[in-house]
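Q: Next come the chains, spelled out residue by residue.
Protein chains: 2
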Amino acid sequence: MANFALFLSSQKKLMIKQETAYTEKQLLDAQQTLKSYIHQTPVLHSRLLDERCGSRLFFKCENFQRAGAFKMRGAMHKVLSLTQEERGKGVATHSSGNFGQALALSAKIMNIPATIVMPSDAPQVKKDAVAAYGARIIESEPNPQSREETLAEFLKTSGAVECHPYNDQQVILGNSTAAQELFAQQELDDIIAPVGGGGLISGTALASKFFSPTTSIYGVEPMGADDAFRSIRDGKIYPSLKPQTIADGLRTALGDLTYDVISKNVKEILLVSDHEIFAAMKLIWERMKIIVESSSAITLAAVLKYPEIFKGRRIGLILSGGNVDLQKYFG
Amino acid sequence: MANFALFLSSQKKLMIKQETAYTEKQLLDAQQTLKSYIHQTPVLHSRLLDERCGSRLFFKCENFQRAGAFKMRGAMHKVLSLTQEERGKGVATHSSGNFGQALALSAKIMNIPATIVMPSDAPQVKKDAVAAYGARIIESEPNPQSREETLAEFLKTSGAVECHPYNDQQVILGNSTAAQELFAQQELDDIIAPVGGGGLISGTALASKFFSPTTSIYGVEPMGADDAFRSIRDGKIYPSLKPQTIADGLRTALGDLTYDVISKNVKEILLVSDHEIFAAMKLIWERMKIIVESSSAITLAAVLKYPEIFKGRRIGLILSGGNVDLQKYFG
Chain F
9 MANFALFLSS QKKLMIKQET AYTEKQLLDA QQTLKSYIHQ TPVLHSRLLD ERCGSRLFFK
69 CENFQRAGAF KMRGAMHKVL SLTQEERGKG VATHSSGNFG QALALSAKIM NIPATIVMPS
129 DAPQVKKDAV AAYGARIIES EPNPQSREET LAEFLKTSGA VECHPYNDQQ VILGNSTAAQ
189 ELFAQQELDD IIAPVGGGGL ISGTALASKF FSPTTSIYGV EPMGADDAFR SIRDGKIYPS
249 LKPQTIADGL RTALGDLTYD VISKNVKEIL LVSDHEIFAA MKLIWERMKI IVESSSAITL
309 AAVLKYPEIF KGRRIGLILS GGNVDLQKYF G
Chain E
9 MANFALFLSS QKKLMIKQET AYTEKQLLDA QQTLKSYIHQ TPVLHSRLLD ERCGSRLFFK
69 CENFQRAGAF KMRGAMHKVL SLTQEERGKG VATHSSGNFG QALALSAKIM NIPATIVMPS
129 DAPQVKKDAV AAYGARIIES EPNPQSREET LAEFLKTSGA VECHPYNDQQ VILGNSTAAQ
189 ELFAQQELDD IIAPVGGGGL ISGTALASKF FSPTTSIYGV EPMGADDAFR SIRDGKIYPS
249 LKPQTIADGL RTALGDLTYD VISKNVKEIL LVSDHEIFAA MKLIWERMKI IVESSSAITL
309 AAVLKYPEIF KGRRIGLILS GGNVDLQKYF G
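Keeping their order, the protein sequence lines are chains F and E.
Note that our numbering has the first sequence beginning at 9, numbered continuously upward.
Note that our numbering has the second sequence beginning at 9, numbered continuously upward.
Do not take every clue at face value.
Treat identical chains as interchangeable: a pair holds within one or across any two.
Stated by the list, open to error - Under the rule of at most 16 Å between Cα atoms (straight-line distance), these lysine to aspartate or glutamate pairs were calculated in the EDC-like manner:
| id | residue 1 | residue 2 |
| --- | --- | --- |
| 1 | K134 | E294 |
| 2 | K290 | D333 |
| 3 | K217 | E276 |
| 4 | K275 | E316 |
| 5 | K272 | E195 |
| 6 | K250 | E170 |
| 7 | K244 | E156 |
| 8 | K313 | E276 |
| 9 | K135 | D58 |
| 10 | K217 | D268 |
| 11 | K217 | E195 |
| 12 | K336 | D37 |
| 13 | K275 | D264 |
| 14 | K116 | E284 |
| 15 | K164 | E94 |
| 16 | K319 | D198 |
Hints are computed from structural coordinates only; laboratory data are not their basis.
Keep in mind that this is a model prediction, so the values were computed, not measured.
One chain only, chain F, in its complex shape (with noise of 0.2 Å):
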């Protein structure tokens, strides 16, 4: 059985392999599909934050993106890609985070079923968005094992389109979208992206590679989820084991997909502390008057935190979402 399973897997690396062939076509056409679906969403300035880093900030603002957050793109260009048969069935994942807002919404606009596979312990408010957008939630226990298992056990009997939230080519060309629209909005000599599972980097990525080539292209990890900096340093993926960040969209490990894209394209994975990050988030709701996730604000810290690299720069941060719990200043 363990080698047979080796076999599989081997098959379908290679498979996968052919798959990663992106080209500035696809990259292209995914822009052009997703258009009318998702926001332009606007970059920001600030003078302030500048002549703090010694630099030029470009902030891709995400944060504004159709349900909070640029997983929007990738789940609107996944849905769209099915064919009409699969958009019968419905599409389903599992996720206590954006991804399932954005599935959610991108299914509701398509008006085909979702089914979103949540920890019992996720936060009200992210139930309450999902279910706002008509997804039907299915609770699992909370443990990845658990959610896992139960996503498979309803794919199995409803048939409906796993998503996976990155390792996805549909998702991954369509996360590229952000970058394309930065590059054509603005030159730049580097872009940062957070790194979670690895699917914005990628698009990001790839949106370089093809439309920016000379842009260096940086991703920021946090110090207690560093396993994507481990992947790349030691060529192969490790899973994410316990990670100890507030950055709560950074903790899951890469995909064979992203980690393909990144090794191939991404200069270098930074590293920035938990006390870092939240000083970076402070600092954007000061000044610059938006709200983003601590996953988003680790673009700052990154450019804080390594003067040495990013001094005099015309840098883009993609802030990849704003959607945080309020309810700590509305009460």
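Use these hints to put chain E onto chain F, whose structure you have.
A: Chain E only, in chain F's frame:
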């Protein structure tokens, strides 16, 4: 003495009446003059809020303005209007809020001294912001009379130029540039601005008069600080006595210059409750992912409260500022 004072006062009024004959050229000049000193702020949309209101909303984001509020436009324009000699003596105002910060930053940009009289009970975060721009702070007792006396005393000894936060033609002309930009960005059926001392709504009304005369102009005021509503209704300026509202930027009374512009150009002043302001503020933070003050959110509160006026229309909402104390969130 009383008669003499009355005579002076009516003389002053006559002078003022002449001053209030604003011209299209003055407004255009203000925009040209200010251009390189302020941010041309973006206009944001929200599909979700559009659906909620049954209107098309165009949010002019003055919360992204330098120093965090539209006040920068008026303050900077005032400073730029001064003669070399006046600049040498510096500027002064009394303020517990955004105008103090804006004047401090404007003076810093022009490298002239600024003095801000602040009540001793002003929040430390506001004092820090003014001090960070290099202005001198003089503390007064925490009441309007002491603020005015302290400022008058300082003006007498220093010869500095008094900059009134709103009842000043140069300030009003500066403020007009926010709506000027908005009209260049978007055709509008209605435009809404908050009403405190009336400086923003006056600038907005003048921009509309010259550059979008078919647009209806609405002011919004908190029910607990409805002095402008009553002033316009009764044809005389009421003081703002014991205002009770969370919208701390909207507690001031009109001045004669702002009263004049408003009474001639504004279609209606609408009233909303603090509860409605708070709900609108929460909605903007949660759905638009931007940080606005309660004084800004009042514009959306009006759209939500008066569907009979606003349904089906294209509405510009001036989000006046985003200076809130985030300690509650970041602890």
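Q: Each hint needs a verdict: does it hold in this structure or not?
A: A quick look at each hint next to the structure:
no. : hint           : verdict
1   : K134 with E294 : between (25 Å within a copy, 13 Å between copies)
2   : K290 with D333 : both (15 Å within a copy, 11 Å between copies)
3   : K217 with E276 : within (15 Å within a copy, 55 Å between copies)
4   : K275 with E316 : within (15 Å within a copy, 56 Å between copies)
5   : K272 with E195 : neither (22 Å within a copy, 47 Å between copies)
6   : K250 with E170 : neither (25 Å within a copy, 61 Å between copies)
7   : K244 with E156 : neither (22 Å within a copy, 70 Å between copies)
8   : K313 with E276 : within (14 Å within a copy, 52 Å between copies)
9   : K135 with D58  : neither (38 Å within a copy, 23 Å between copies)
10  : K217 with D268 : within (14 Å within a copy, 59 Å between copies)
11  : K217 with E195 : within (14 Å within a copy, 39 Å between copies)
12  : K336 with D37  : neither (42 Å within a copy, 45 Å between copies)
13  : K275 with D264 : neither (18 Å within a copy, 62 Å between copies)
14  : K116 with E284 : neither (38 Å within a copy, 30 Å between copies)
15  : K164 with E94  : within (14 Å within a copy, 79 Å between copies)
16  : K319 with D198 : within (11 Å within a copy, 45 Å between copies)
Comparing the model with each earlier hint shows violations of hints 5, 6, 7, 9, 12, 13, 14; every other hint is respected.
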